[in-house]
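Student: Start from chain D and add chain A according to the hints.
Here is what each chain is made of, one letter per residue.
There are 2 protein chains.
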Amino acid sequence: MRGKRVKAKIHVTLKQGILDPQGKAIEQALATLGYTSARNVRVGKYLELDLNEPKDKAEAQVKAMCEKLLANTIIEDYRYELS
Amino acid sequence: MRGKRVKAKIHVTLKQGILDPQGKAIEQALATLGYTSARNVRVGKYLELDLNEPKDKAEAQVKAMCEKLLANTIIEDYRYELS
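Chains as they are written, first to last, in our numbering: chain D, 990 to 1072; chain A, 990 to 1072.
Don't take each hint at face value.
No copy labels: a pair is met if it fits in one copy or bridges any two.
Here are the computed lysine to aspartate or glutamate pairs in the EDC-like style, where the Cα-Cα straight-line distance is at most 20 Å [as the list claims (entries may be wrong)]:
#1 Lys998 / Glu1042
#2 Lys993 / Glu1056
#3 Lys1057 / Glu1037
#4 Lys993 / Glu1016
#5 Lys1044 / Asp1009
#6 Lys1013 / Glu1037
#7 Lys1013 / Glu1056
#8 Lys1052 / Glu1037
#9 Lys996 / Glu1048
#10 Lys1057 / Asp1045
#11 Lys998 / Asp1066
Derived by calculation from the structure, the hints in this document are not laboratory data.
Chain D with its partners taken away, still in its complex shape (with noise of 0.2 Å):
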């Protein structure tokens, strides 16, 4: 085997002002089930994946493929953590 086993968490969510419809969807849900003092409900994706690769170059990776495929950046902001 080469390389070490990293495993990265990957945080993708709407950016700051930008409409979040399945979130309003939530919030309405919950409002109908009582839970009328939630707010500001913003639904995002999160992902975990292992890389075969050293920790400086899995960085590297994981950064170009939330850029090219796991997040759309003209409306999504991404944030990584590797261990």
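Tutor: Okay, now just chain A, sitting in the frame of chain D:
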């Protein structure tokens, strides 16, 4: 205004052993882009919401929201942080 604003950050992820077709699709797409060392891609949801409640009450509410609406506890795990 009654209560203090509490921010909840909620992760909903598929339980271990549950098949993740969306993760598999992303894994294949990453391989197509040349990221062939990415493995075990798992996709979950990440939610943020504000609650106008004292922290202890907010915690009970977030737990109940997860159980009733946000997670399907048959196949999904959830965890949350309050701040």
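Student: Against this structure, judge whether each hint is valid.
Tutor: Comparing the hints with the structure gives:
In this assembly of identical chains, Lys998 and Glu1042 lie within 20 Å of each other by CA distance solely inside one copy; the values are 15 Å within and 30 Å between copies. For the homomeric pair Lys993 and Glu1056, neither the shortest alpha-carbon distance inside one copy (23 Å) nor that between copies (37 Å) is at most 20 Å. Taking identical chains as interchangeable, the C-alpha atoms of Lys1057 and Glu1037 lie at most 20 Å apart only when both belong to the same chain, with a minimum of 17 Å there against 25 Å between chains. Taking the shortest Cα distances, Lys993 and Glu1016 sit within 20 Å of each other only across copies (19 Å), while inside one copy they are farther apart (42 Å).
Proximity of Lys1044 and Asp1009 under a CA criterion of 20 Å is satisfied in neither setting, with 34 Å inside one chain copy and 26 Å between copies. In this assembly of identical chains, the alpha carbons of Lys1013 and Glu1037 lie at most 20 Å apart only when taken from different copies (12 Å versus 26 Å within one copy). Taking CA atoms no more than 20 Å apart as the test, Lys1013 paired with Glu1056 passes between copies only; the shortest distance there is 19 Å, against 26 Å inside one copy. For the identical chains of this complex, Lys1052 and Glu1037 are intra-copy neighbours only, at 14 Å inside a copy versus 23 Å across copies, given an alpha-carbon limit of 20 Å.
Within a single copy, Lys996 and Glu1048 get their C-alpha atoms as close as 10 Å, which meets the 20 Å cut-off; across copies the closest is 29 Å, which misses it. Taking the closest pair of Cα atoms, Lys1057 and Asp1045 come within 20 Å of each other only inside a single copy of the chain (19 Å); across copies the shortest separation is 41 Å, beyond that limit. In this homomeric assembly, Lys998 and Asp1066 come within 20 Å of each other (Cα to Cα) both inside a single copy, at 14 Å, and across copies, at 16 Å.
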